[in-house]
Amino acid sequence: MNIFSPTRRGFIQGGLATAALGFARPSFGAIQDGSDILVLVFLRGGMDGLDLIPPVSGPDRAVYEAARPTLKVPLSGSGAALTLDGAFGLHPAAASLLPLFDQGRMAVVHATGMHNPTRSHFEAQDFLELGTPGEKTIGSGWLHRHLASAANLPSQILIPALASGNLQPLALLGSSETLTLANPNDFGFATGPQQWQNEQHDAMRNLYTSDSSPVHVAGTQTITAVDIVDTYVTGEYQPGGGAIYGDDDVGSHFKVAAQMISLDLGIRVATVDIGGWDTHESQGSGPGGFFAGQVKALSDGLAAFLTDLEARGLGDRLTVAVMTEFGRRVEENADQGTDHGHAVPMLLLGNNVVGGLHGPWPGLDPGQLFEGVDLEVTTDFRQVLSEVLIKRLGNRRLDKVFPGYEGYSPLGVVAGLDLPPYDGSPLRAGGRKMP
Amino acid sequence: MNTRLYDRPWRATPPERLGELIGDHTSSKTLRGFFGSVAALEERFNLTPLRDGKTAVNLPAANGETPPLESLVFSRLAFGPRPADVDTFRGMGATPRERLENWLEVQLDPETIADDEFDTRLSQSNYLTLEKNLFDLWNDHAREEEDFDYHMLPIYETQHAVILRATYSRRQLAEVLADFWHNHFNVFGWHFFSGPLFVHYDRDVIRTNMLGNFRQFIEDMTAAPAMLFYLDNFFSSADGPNENFAREVLELHTFGEENYYGAIPASEVPRGTDDVPLGYTDEDVREFARCLTGWSIDENTGSFLYRDYWHDDGPKSVLGLDIPAGQQALKDVQDVFDLLATRPGVARFVCTKLCRRLVADNPPESLVDAASEVFLANTDQSDQLERVVRAIVLSDEFAETWGDKVRRPFELVIGAVRSMNPTFSLPLAADFSRYVFWLLYTTGHFPYTWPPPTGFPDRKEIWLTTNALVTSWRLTNLLAGLELDGWRPCDPVAATPVGLRSAAELADYWIDRTLLRSIDEPSRQAIIDFMAQGKNPDAQLNLGSRVIKDRLRSMVGLVLMSPEFHWR
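Protein sequence lines correspond, in order, to chains A and B. Take the position in the first sequence, starting the count at 1, then add 20; the result is the number in our numbering. Take the position in the second sequence, starting the count at 1, then add 13; the result is the number in our numbering.
Mixed in with the good hints there might be a few duds.
[Stated by the list, open to error] Interface residues of chain A toward chain B, partial, derived using beta-carbon atoms under 10 Å:
#	residue
1	Ser140
2	Ser160
3	Asn172
4	Ser195
5	Ala202
6	Gln214
7	Gln217
8	Met224
9	His236
10	His300
Worth flagging that the hints you see were computed from the coordinates, not collected in a lab. Bear in mind that the values here come from a model prediction, so they are computed numbers and not experimental data. Note that the Cβ used here is the ideal one computed from N, Cα and C, for glycine as well.
The task is simple: from the sequences and hints, build the whole structure.
Encoded structure:
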């Protein structure tokens with residue numbers, strides 16, 4: 021084959037989000053006792069939100085079709101967009117998400133992001149995961165600061181946070197209470213001579229508890245994690261509800277997350293990282309294209325994950341948020357790909373999500389675009405995550421989780437008790453904040 | 014076809030799960046997994062929660078005094094203290110400082126160091142691709158697309174060879190620097206078209222330039238086919254300039270994102286005393302991408318090809334530099350590189366990373382200043398980078414900074430292996446090789462497997478996590494005790510001097526051998542206690558017995574998994 025033909029791409033690390041609209045499910049109300057579970061799915065590389073949730077009518081459809089002669093998702097024929105509402109559709113490879121959308125268990129928030137113009141993957145990921153757009157000096161991830169500041173969590177939890185994969189993402193930077201693992205059935209270090217394994221294990225604990233340096237703390241937590249996993253994980257995992265996970269990284273990460281969450285070890289936040297979204301070339305439009313493969317793996321993984329945990333009775337405690345560092349340029353490039361853009365939809369899934377499309381749509385008219393080329397950000401990503409923090413996770417300390425973020429008001433993307441943020445200033449009798 | 018680009022190394026050699034090869038040496042399940050009720054298990058293992066009020070945010074440095082110079086040398090400028098290399102070092106002068114100076118001069122001239130043992134291990138491994146030139150790599154491998162294993166053989170063999178080099182080569186500083194520059198100019202080795210050409214990238218681009226001139230280095234890197242494929246520039250043309258590579262050159266290879274001014278007009282970037290902008294903008298990225306159009310690859314030979322009919326010939330402006338229309342071939346890019354190579358911001362970014370690799374996560378400002386000065390004063394020298402490394406290593410800060418750096422998983426495992434009398438080579442087909450390859454992969458830190466162009470992170474916060482620690486320990490501990498059909502790839506017992514017999518002697522010997530420094534008394538005592546198992550630590554042990562030998566192997570594993578061995 022001709023390697024200069026548009027069938028390959030270079031490094032891709034990226035993200036994507038999907039959305040749908042429809043009727044909201046009846047609210048299950050607030051739980052707020054700290055037992056809800058947030059699963060953060062990060063799509064690395066910058067997911068092409070315009071092809072995931074394409075406009076299907078009106079003047080924006082015309083702009084979209086003109087800007088994307090080869091990449092547009094068609095309205096009819098094979099590979100046609102699935103119907104969300106009259107204005108937006110869903111990429112056909114995301115078919116497994118459509119039932120969730122129709123049941124009101126999936127929300128799409130239009131045009132999310134940061135009011136920071138960076139088009140660098142790494143800078144954007146840093147800003148989003150540290151939770152401080154424009155600043156990278158805070159030294160901890162926003163999910164870690166949530167766990168550290170939430171007042172409603174038990175003081176002791178076996179495993180408060182899980183990172184499914186080899187590496188702990190920046191959203192959990194600084195967290196020594198996170199279990200990071202790729203395969204719970206291989207999680208241990210008792211690989212030395214068999215006769216002395218127990219004694220060696222005890223000696224390791226002695227060595228690591230003898231001081232409080234960062235290595236000692238991390239090592240002690242690791243030994244503890246090994247003990248916990250060793251105790252609770254028995255044999256190969258059998259998914260619930262007939263869920264089938266793909267035999268790839270994406271399927272494996274979702275499966276491990278479900279397996280660990282289902283053990284009821286106290287996990288309150290979990291992360292899943294999915295790479296491959298940096299589609300500078302040969303992105304593909306049809307169902308067999310590269311982007312479609314990415315979308316299908318993601319969608320099937322999400323659907324299996326929700327089916328599995330629903331069958332285990334955990335559905336009402338679960339909120340899944342899907343985000344990426346930025347969207348992609350409205351206009352496709354000369355390599356049948358798309359370059360780095362700006363705003364992108366965020367997806368939320370779960371029984372407590374208010375299904376449908378949310379947030380202002382900024383429009384594709386050139387005058388409406390960011391710097392004339394990219395979708396404008398209309399919803400700060402912190403607004404969406406703050407609503408989940410307050411209504412689902414019961415943490416009002418936005419000042420700790422997202423320092424510098426002001427003017428929060430809920431969009432209405434999840435059900436739950438709507439309380440104002442609280443910054444920790446003194447209370448007077450009765451629990452009200454002093455004026 | 015597309016999906017292959019993202020295939021991970023284990024697809025090339027289907028992984029055997031832990032235990033299938035090595036029987037009893039499986040995960041902890043074999044010994045610890047069969048105990049009845051969960052409550053009983055919790056009691057048995059005294060489970061403590063991961064969340065117990067600890068909410069550390071920023072990781073501080075370790076306490077304790079700065080170790081002897083040779084301990085710093087073998088943990089930072091080498092992959093670990095191999096006894097023979099330590100002996101060589103000790104014979105190179107009367108004082109530690111003199112030894113360091115003499116050792117450094119030899120290490121900075123790596124070709125002059127005889128490397129017999131590495132050469133032997135390499136030849137025993139029978140690799141097929143490491144001597145191939147670019148054309149043969151292209152013709153034999155890149156063009157072979159049906160047999161995926163053969164297509165990817167060059168990267169697969171390069172990864173095996175780097176284990177052998179880091180373990181056996183006496184050119185240790187070169188190995189540390191090669192690793193640094195591979196990450197600075199990162200190419201994901203399992204990219205479908207970079208993988209077959211990786212031998213060339215490693216040998217003729219990284220290792221050829223790593224002690225040379227930065228300006229030359231960035232041009233060679235830019236013209237390297239593995240990089241042209243990886244970051245998409247090979248098809249960038251006037252009709253469709255691709256910004257990917259241009260952006261990463263500015264963001265990751267030269268200026269760094271700290272000198273990125275975003276979307277503001279390029280004319281508004283503050284300027285230095287020489288009236289050149291202090292950093293770059295999106296506009297500079299787009300303009301530089303235009304300069305790079307036409308830098309491509311010859312389909313027939315796999316080598317670099319400048320396609321002038323793809324080049325955007327119009328006038329451009331990059332970093333305040335006006336580039337006239339119609340310049341001769343390559344000159345647009347070369348002009349930008351000439352400018353970049355002399356920027357103080359570039360010097361500072363590159364030197365900060367070098368100091369972070371060789372000294373500390375947060376290197377002293379004074380050291381970065383001094384290194385940057387050497388960088389800028391020698392931009393036209395063919396040994397510019399060698400001079401920068403020399404300035405860093407011979408600085409007071411190098412000798413006085415401690416406790417702000419840990420071994421990453423590959424460094425931990427190789428460091429452990431180096432101390433244990435390794436005798437393995439790594440033929441591709443051997444069970445042992447496949448096993449080591451897979452287990453190294455699970456640590457998340459196998460060279461050339463980092464997909465994004467940033468290179469592996471180099472800060473301890475990223476690596477002091479449960480998975481990184483447990484997978485590093487798992488492989489280290491395995492190698493300390495592993496026996497395969499009567500053969501031991503590492504043999505701590507054979508490596509222990511005959512005269513040592515008591516638990517205390519054995520513990521002290523291995524602490525010194527692996528760390529080249531003393532450790533806190535409670536840690537030392539924990540290791541002695543393990544070896545003594547309740548008996549008098551000064552009593553003679555029967556090292557003829559299998560049980561005691563295995564205990565010694567476990568003790569060595571313990572030392573190599575200890576907190577002290579992580580610091581560097």
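Problem - Hint validity - serine 160(A) Cβ closer than 10 Å to any chain B Cβ - result: holds, 5 Å
Exercise for the section: Under 10 Å, Cβ to Cβ, is where asparagine 172(A) needs to be relative to chain B, so tell me if that hint holds or is violated. Expected result: violated, 13 Å
Handout entry: Restraint satisfaction for alanine 202(A) [CB to CB of chain B, less than 10 Å]
Key = Result: holds, 6 Å to nearest chain B Cβ.
Practice task
Against chain B, run the beta carbon of histidine 300(A) and see if the smallest gap drops under 10 Å.
Solution key: holds, 5 Å
Practice task
Could you check if serine 140(A) really has its C-beta closer than 10 Å to a C-beta on chain B?
Solution key: Interface hint status for serine 140(A): holds (6 Å vs cutoff 10 Å).
Handout entry: chain B contact restraint for serine 195(A) - C-beta distance below 10 Å
Key = holds, 8 Å
Problem - Restraint outcome when glutamine 214(A) is required to lie within 10 Å of chain B by C-beta distance - result: holds, 5 Å
Exercise for the section: Closer than 10 Å between Cβ atoms is the bar; does glutamine 217(A) clear it against chain B? Give me holds or violated. Expected result: holds, 5 Å
Exercise for the section: Against chain B, run the beta carbon of methionine 224(A) and see if the smallest gap drops under 10 Å. Expected result: Interface hint status for methionine 224(A): holds (6 Å vs cutoff 10 Å).
Handout entry: Agreement of hint histidine 236(A) with chain B interface, Cβ distance less than 10 Å
Key = Holds: closest Cβ of chain B sits about 5 Å from histidine 236(A), inside 10 Å.
In terms of the numbered hints stated before, the structure departs from hint 3 and from no other.
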